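Engineer: Spelled out from the first residue to the last, the chains are:
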Amino acid sequence: MIAIALRSMGQRRLRTALTAVAILLGVAMIAGTYVQTDQIRAAFDDILQTANAGVDANIAPRTEFTSTFVSTQTIDARMVRRAARVPGVDRAAGEVFQMGSLVVDGRTVAPNFAPAMVIGMVGEPFNPLKLVAGRLPSASGEIVVNRKLADDEHLTVGRRVGVTSRTGIHPARLVGIVDFGNVASMGGATMIVAPTSDVQAWNRLQGKVTSIVASAAPGVTPERMVRNLRAALPRSLEIKTGQQATADASKQINDSIGAFLKPVLLAFSGAALLVGAFIIFNTFSITVAQRRREFALLRSIGATRGQVLAGVGAEAVLLGVVASIAGLLGGLAFSKLLGALFDAAGMGIPRGAMELAPRTIVIGLAVGVGVTLAAALLPAVRATRVPPVAAMREEVAPEPAGTSRRRAAAVALVGILGVALLVQGLFGSGAASGRLAAMGAGSLLVFVVVAMTARHAVRPLAALVGWPLERLGRTTGELARENSTRNPARTAITAAALMVGIALVAFVAVLADGMKTSFTGAIDQRASADLVVTSDNGMPLPGAARDRIQYLPGVSTATAQYLDQVKVNGKGVHALTDQVNGVDALALRDVYRFRWIRGSDIELQRLGPGAAIVEEQFAKQHGISVGRRFRLTGPTGHTATFTAIAEYRDPQLLQGVMVDLAQFRALSPARDPMAYFVRFLHGSDANAGRQRVQAALRAFPAAKVRTRAEYSHWLTKQLDQLVYLLYALLAMSVVISMFGIANSLFLSIHERTRELGMLRAVGATAGQVRRMVRYESVITSLIGGVLGIVVGVLLAWLTTFAVKDLGVGFIVPVPQLVALLALAVVVGAVGAIAPARRAARLNILDAVHSE
Amino acid sequence: MSAHPLTVTPRRSDADGSAGAAVVQGHALTKRFGAGTSAVEALRGVDVAFDRGTFTAIMGPSGSGKSTLMHILAGLDRPTGGWVEIAGTRLDRLNDRDLTLLRRSQVGFIFQSYNLLPVLSAEENITLPLRIGGARVDRAWLDTLIAAVGLGDRRTHRPSELSGGQQQRVAVARALITRPAVVFGDEPTGNLDSVSSREILELMRRAVDDLGQTIVMVTHDPAAATIADNVVFLADGRVSGVEERPTIDTILDRLRVGSA
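For the record, the sequence lines run as chains A and B.
Be aware that the first sequence starts at 174, since it is given in my numbering, and climbs by one per residue.
Be aware that the second sequence starts at 12, since it is given in my numbering, and climbs by one per residue.
Everything labelled a hint here was simulated from the structure, so no lab data went into it.
Take the hints with a grain of salt, since some may be wrong.
[Said to hold, decoys possible] Reference excerpt, derived from the structure (chain A facing chain B, CB under 7 Å, subset only):
no.: 1; residue: 645
no.: 2; residue: 648
no.: 3; residue: 659
no.: 4; residue: 927
no.: 5; residue: 928
no.: 6; residue: 935
no.: 7; residue: 936
no.: 8; residue: 937
no.: 9; residue: 1017
[As the list claims (entries may be wrong)] Negatives, chain A to chain B, calculated, CB over 12 Å:
no.: 10; residue: 523
no.: 11; residue: 593
no.: 12; residue: 618
no.: 13; residue: 651
no.: 14; residue: 654
no.: 15; residue: 896
Keep in mind the model is a prediction, meaning the values are calculated, not measured.
Glycine included, every Cβ here is placed at the ideal spot set by N, Cα and C.
Pulled out of the complex, with its shape left as it was, chain A reads as follows (with noise of 0.2 Å):
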């Protein structure tokens, strides 16, 4: 039987190889993901170990969590001097690490989402630098910087620049240039390194230092001098060794990419799976209906039932196979382009040898052979009910329906499981991951109940969309909207796999465009601010910024935002409602308008010790209603009992609760506020104010000042770079889908070889034939489009409707769906090419006497 299936798919190579295409990207985007965020990882190992060298022992502050908003806990320096002494102890050395760009002639080199880094110069044995050319920073004003950043800027030895920092831009000397140890890459990142003193003056941290790293003295275990270390020095310092601070971090790291970036790469290449899967069930489908005759003769000479399903099952695990290791190969190959694309936009993450992980390796084949065979089992089983008397007979039966009964059945089973894991999903409560897990499961269940039903409305759907194409081909339009209907279960699992992507597609655009009308609107309605202003990277500004805008002519009102994440009532940190905000209440009210649920302006005035006022989601998310008191407690520990005093409505740009800035300060180490906003006086001339406030900023290259209506378009933009990424994304679902485009048509035209024959002889010309096979395919493909923004929609409107609570609209990007029906004839013409082709070729003499 395997001979059989070896020689039956070496007989088709064209369709096994088209179908092989279409798990082969799947397993590759798998793999891709995999191999990917094996590289960052590797890359991160490789930076934390290099900084960890000669590292026996690790001091910094004590955290109660991590906040993802960057804040500087300090050390006094004086404990540099304690550590030493401690027994045990050869050397310890303070490090201060900031943040901090280059100026180079007057234009600030900063990456967009890499980090800029200002790193204090450590002595012997601690020091991870190795020099390129050069030498070490030993004066005051002296700098050493990457090799990465060197050759970009075309710096070389001895050049003049300037470094930001809180206080200022500071210039600068280039006495060297150095590698990370022997890091292969740092992503986007810069690094310049200077010496300590001078980065403690620029950042005004005189006396303090961000960690202490010690190496142990000969004989002297590291784990025995940690110890020792904790012994001698305060509880509010975390010690460990630097191996363990090395695997701490490392796994911090690992975490954060399993958090965000692999599940989400995940679950495109899951997306692009389903697609496969459809076009393995149609494709063999269809080569099990071609073959009946073939089954039949295995039965009636005596294979039993058993050995036919053997077969086919043979084939489908060997395609499997093979197309997984051809995507594990181009696995490498997405890796590839998933760091291309990652580059474009603009994130340099720092990226490690490519490596096919023995996991990586057995996650594809398992996937790739797994899903290849999932979707070949109904098929084969369909093979077995062949009965043996069908050799004996001319006509090809019909492909058989199933007992319409059970399936109606388990379609209705399937949708309503599906339905049940989307709300689940949607209104359900609990972790954020797992119900994420329960949508994309729902919407995958839905896709397949679409699938199965969409057979029904194949024939109406061709009539619509074939309509132009009528008007457009005549005759020929009309025979390619007939045969499209011919098989109406094949034509709907075609158009199915296409549906997957745009439907995809189609929900981004539209939650997209609603996020988009939802910020806007509120930046629209809140804000009264004349300027904003905020670093490009989420990085805090520096606080020092503010004294040089508050007293500029025509400037009435200038106020800070500080920002940190907080635990309430010592639970976990809720990513989206468990921030803290330090304002100035009175001057607050200048640039924003309070939407009050609770409360009014008047409230603002007893924003101090122990008051908070909360945002209704804050509020919801704790049971915490005004008059109720909680607690908050911030990265460091510092806990403090607050009392809600007002409630306001605003999911999209004052999350969490708010604080006055002394009791801020109380709860978190930021030093810095994430943004600045700015009146100006009545009557005055803005543009003047503004290019003022813009002056006055110069120091400060980070801090970008915008307008309310710029501010707005910029984070439009924002969005926009990452609904682009994950239409890149989606494209592989929407490629893949072209092949099974293709591939359907080649075993149809397979399949009517004599039709296209007689139609040549009656006097059709090949390029009557070629139009109709591309008008068929253009309406699959058509039919495809229309499901799956339909079903896009509707997932889109679902899920608005689920977070209608943070202000998200329910928009129809009409333009953009349009745009999807394009792409959709787009794909349906470029899959119609080479099967169009072949049947215009079809030699007419054959055609017509083939059986």
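With chain A held as given, fit chain B onto it using these hints.
Structural biologist: Okay, now just chain B, sitting in the frame of chain A:
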């Protein structure tokens, strides 16, 4: 019925190719399949002409080249040597597209296996050649044909709802709808029972007698061939004889001689 003078005369020159009553003629046709030592000579110099309004059967043993000859005459295949002329047009001077257009307007086909489009109704199948060409359907002519082939009550039926004989009647009407210069039949009764065969052959006969249609039919069934005005016998790629007003006996004699 017997008033039709029939000539199936080998022609010596192409000078008068279009002058006579011949609607289709093949001149010095040769056809070689394959190359080198495995090459097969299917036709070794065949000259034939078919006059307007005649019904000709082509017969011969398997491998005699009768199907090849028909394919070449119909413009479905090109000869290795020689040329074909249909209604005054030399096929060897046409490119593929023009050849297609000529087939569309001047040639009708009746295949052994009906070859109808399953997605179209009987009437739509009949008018298919016109619609492919974007031509208007002459309703009166269509009605005449449908009545002639006896499918008046089957117009909207799909092929799967028709018997084999009915399907072949649709195919006959389809071949006639364009009023082609010539209709070729490739074993048109090969798949039919004897009653249906008879019906189809009589239909073709009436097309010749009543409509003045020219028909050339390949068959291996001597009974079918008797309905033709004359029979061309092929053997080993050459015309081995011509029989006018054939009877079963004369045909069987010829075939016996041919295979001897």
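Engineer: All the hints need checking, so say for each whether the structure fits it.
Structural biologist: Now the hints, each set against the structure:
no.: 1; hint: 645; verdict: violated (12 Å)
no.: 2; hint: 648; verdict: holds (4 Å)
no.: 3; hint: 659; verdict: holds (5 Å)
no.: 4; hint: 927; verdict: holds (6 Å)
no.: 5; hint: 928; verdict: holds (6 Å)
no.: 6; hint: 935; verdict: holds (5 Å)
no.: 7; hint: 936; verdict: holds (2 Å)
no.: 8; hint: 937; verdict: holds (5 Å)
no.: 9; hint: 1017; verdict: holds (5 Å)
no.: 10; hint: 523; verdict: holds (59 Å)
no.: 11; hint: 593; verdict: holds (40 Å)
no.: 12; hint: 618; verdict: holds (33 Å)
no.: 13; hint: 651; verdict: violated (8 Å)
no.: 14; hint: 654; verdict: violated (9 Å)
no.: 15; hint: 896; verdict: holds (42 Å)
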